[in-house]
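Construct the complete structure from the given sequences, taking the supplied hints into account.
Residue numbers (my numbering), protein chains in the order written: chain W, 1 to 536; chain G, 1 to 105.
The hints are simulated quantities; they were obtained by calculation from the structure and are not laboratory data.
Mixed in with the good hints, there may be bad ones.
[Stated by the list, open to error] Quick look at which bits of chain G chain W covers, simulated, 3 or more residues with Cβ under 8 Å:
#	region
1	28–40
2	75–84
[To be verified] Listed below are several chain G residues computed to face chain W (Cβ distance under 10 Å; list not exhaustive):
#	residue
3	M8
4	D54
5	I58
Since this is a predicted model, take the numbers as computed values, not measurements.
Glycine residues also receive a C-beta, built at the ideal position from the N, C-alpha and C atoms.
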Amino acid sequence: MTDRSNRLDLPYLQPAQAQKHVTHNEAVELLDALVQLTVQRFDAAIPPVAPGPGEVHALGAVPEGVWTDKAGHLALWTGNAWIYLSPDDGWRAYGLAEQDLRVRAGGVWVPVVRPLQELAGVGIGTTSDAVNRLAVAAEATLLTHDGAGHQIKINKALAGDTASLLFQTGFSGRAEMGIAGDDDWSIKVSANGSAWNTAASANRTTGLMTLPNGLTVVGALTLPAATVTRAMLANSAALSVIGRSANTVGVPADIAAGSDHQVLRRSGTALAFGAVNLAQAAAVTGALALANGGTGGNSATAARSNLGLGTAATAAVTTNPTDSTAGRVLRVGDSSTLLSAGSALRVTTGGTANAITLTSGATLSGTPPTGFRTRFRAMAANSGATTIALDGGTAVACRTITGVVLPADYVRTATDTIATFDGTFWVLDREAERGSNANGQFIRWASGFQMCWNTITNFSDATTAAGNVFHGPENVWTFPVVFSATPTTTGNVRSSAPTWINVRPESVSGALARVFSPTSMSTARIADFEAVGYWY
Amino acid sequence: MHLTLSPMRRSDRLNLDRAGDVLTINGVVYDFGPLPDGATLPREAVECDWLASDIERIGGVLHLTLMLPHGTAAPDETLFPTPLDLTHDGPVDLPPYETEIADAD
Chain W
1 MTDRSNRLDL PYLQPAQAQK HVTHNEAVEL LDALVQLTVQ RFDAAIPPVA PGPGEVHALG
61 AVPEGVWTDK AGHLALWTGN AWIYLSPDDG WRAYGLAEQD LRVRAGGVWV PVVRPLQELA
121 GVGIGTTSDA VNRLAVAAEA TLLTHDGAGH QIKINKALAG DTASLLFQTG FSGRAEMGIA
181 GDDDWSIKVS ANGSAWNTAA SANRTTGLMT LPNGLTVVGA LTLPAATVTR AMLANSAALS
241 VIGRSANTVG VPADIAAGSD HQVLRRSGTA LAFGAVNLAQ AAAVTGALAL ANGGTGGNSA
301 TAARSNLGLG TAATAAVTTN PTDSTAGRVL RVGDSSTLLS AGSALRVTTG GTANAITLTS
361 GATLSGTPPT GFRTRFRAMA ANSGATTIAL DGGTAVACRT ITGVVLPADY VRTATDTIAT
421 FDGTFWVLDR EAERGSNANG QFIRWASGFQ MCWNTITNFS DATTAAGNVF HGPENVWTFP
481 VVFSATPTTT GNVRSSAPTW INVRPESVSG ALARVFSPTS MSTARIADFE AVGYWY
Chain G
1 MHLTLSPMRR SDRLNLDRAG DVLTINGVVY DFGPLPDGAT LPREAVECDW LASDIERIGG
61 VLHLTLMLPH GTAAPDETLF PTPLDLTHDG PVDLPPYETE IADAD
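Structure follows, in structure tokens:
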């Protein structure tokens, strides 16, 4: 049997030992120190100047003074000397300075309660595993500040790794946000934990937020001024605006401008591009200036004044060729009936010499109104009976103003012919025709009356005796114009002497004249002739 | 053949064709060949409305006057015609009936 205990190295009493109390007290003193071991401090290096009885110090690796060479020992002050004990692994001591209970392990004092560092895992209310090193099963997890702010940091190794917060239902993923697979922030959602849709992502460089699957805003959407760029509203239809065309609350859509020069306006219950109906009072306000093609006024009087128009500009115009409403302004083409009593209406001429076609522009079909009067310039003189068809209507026979069929050359080309419809015939009036030639002068009237005359110098002498007078030969006077029947003729000799002349009409084209004198007259005289009759 | 023209405003036309002493007036043939030199054929002896004088042969040349019709606007050469000396046979080129006028409307 050894003389000391195995673990605490306490002295045993030996058989027949003298002064057993010394050995016993030594053992009690050691037990007094080691039971409920309490040290002044751990890692003690400098011995106290006045230690108290029973003080124990746990020496460190390099103690000084009387403790030199006692590294790692427990120093017990017995009241007059230090006793050094060598602690074994497993001993426990409470450090008064550290207020820490430590255990001897591996030759050093280590805390009985170790700090939560380098743990393989922590499970609170549940069990952590190799992946989920920290597992918490609780109603809530609080992470609060320590006097100021507070951050939760999720760090990943490389850009291609994932640092995110994953939200699950029954351990099936439903939402994940963070930097997953790259360094752009994103939030993804899933209906089943396997198929994921990116709801939003933010570019790490520009900060531009992208919503790949759209955005629905139920409440008010506040956008900073002048920051909504075209790219944010991309893919609108060409030449369009975004709006609501229907008269209902609903989804906005592109409202496209289909044609040039159209404007966006409300028409009925639709908002669309189209023409502005300027007839609508609400379409415009104010008066379009004259310089911009308007009238500059918003009343007929003001407009007429600005345009420099007379008072007739506000009068109504005729509505048809026979409109005889008082106060109306006559339209071109409506004048046929209304002006027929005057000579102002002149129509265009066509057809042939004896089948004349007239065009009034008034589209007077059929037989013209009785009393209708117009005038025209013939393309050719007629050669006999003539008809006129007005505006493609019925060809109506013509008569002279004396009511007979037209003779040849009644219709002249040098002057206008006046035509009056009497209900049965076109009654044509014509200008008097005046002419002259080597045989004299003539004038021919529309009534058929015709007159011609001539002056012939050196017409004849009178040297042939006949009874008590003398006479000349019977000479021919050819008329300058032909008659329709033999006219009546007269003649005079231009002489102060008592001479005379006999003129007898011979035919429609000439007469025979003879000069008489009471004495033989050898000098030829000047003679004047006249013939009066009809040309038709 | 010495032809004097006597103008007259009238609507009908005159067509002449000469073959020696034979004159065709509007299709009617008049043969003045038998008329001896120095002789006169009275106007009344010839049934021709266009004839305006007696017909004479002077120095072997026939002299006669015919009416020359014209319209409302004839040129001066028609209104105041100069006599024609016909030396060639065929249609006689008479002064125009009327001056051609542009379409008036």
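Going down the list of hints, with the structure as the test:
1. 28–40: violated (count 0)
2. 75–84: Since three or more residues must qualify, the claim that chain W covers the region 75–84 of chain G holds, with 4 doing so at under 8 Å.
3. M8: holds, 6 Å
4. D54: Holds: closest Cβ of chain W sits about 9 Å from D54 (chain G), inside 10 Å.
5. I58: Hint on I58 (chain G): violated, closest Cβ of chain W at ~18 Å, above 10 Å.
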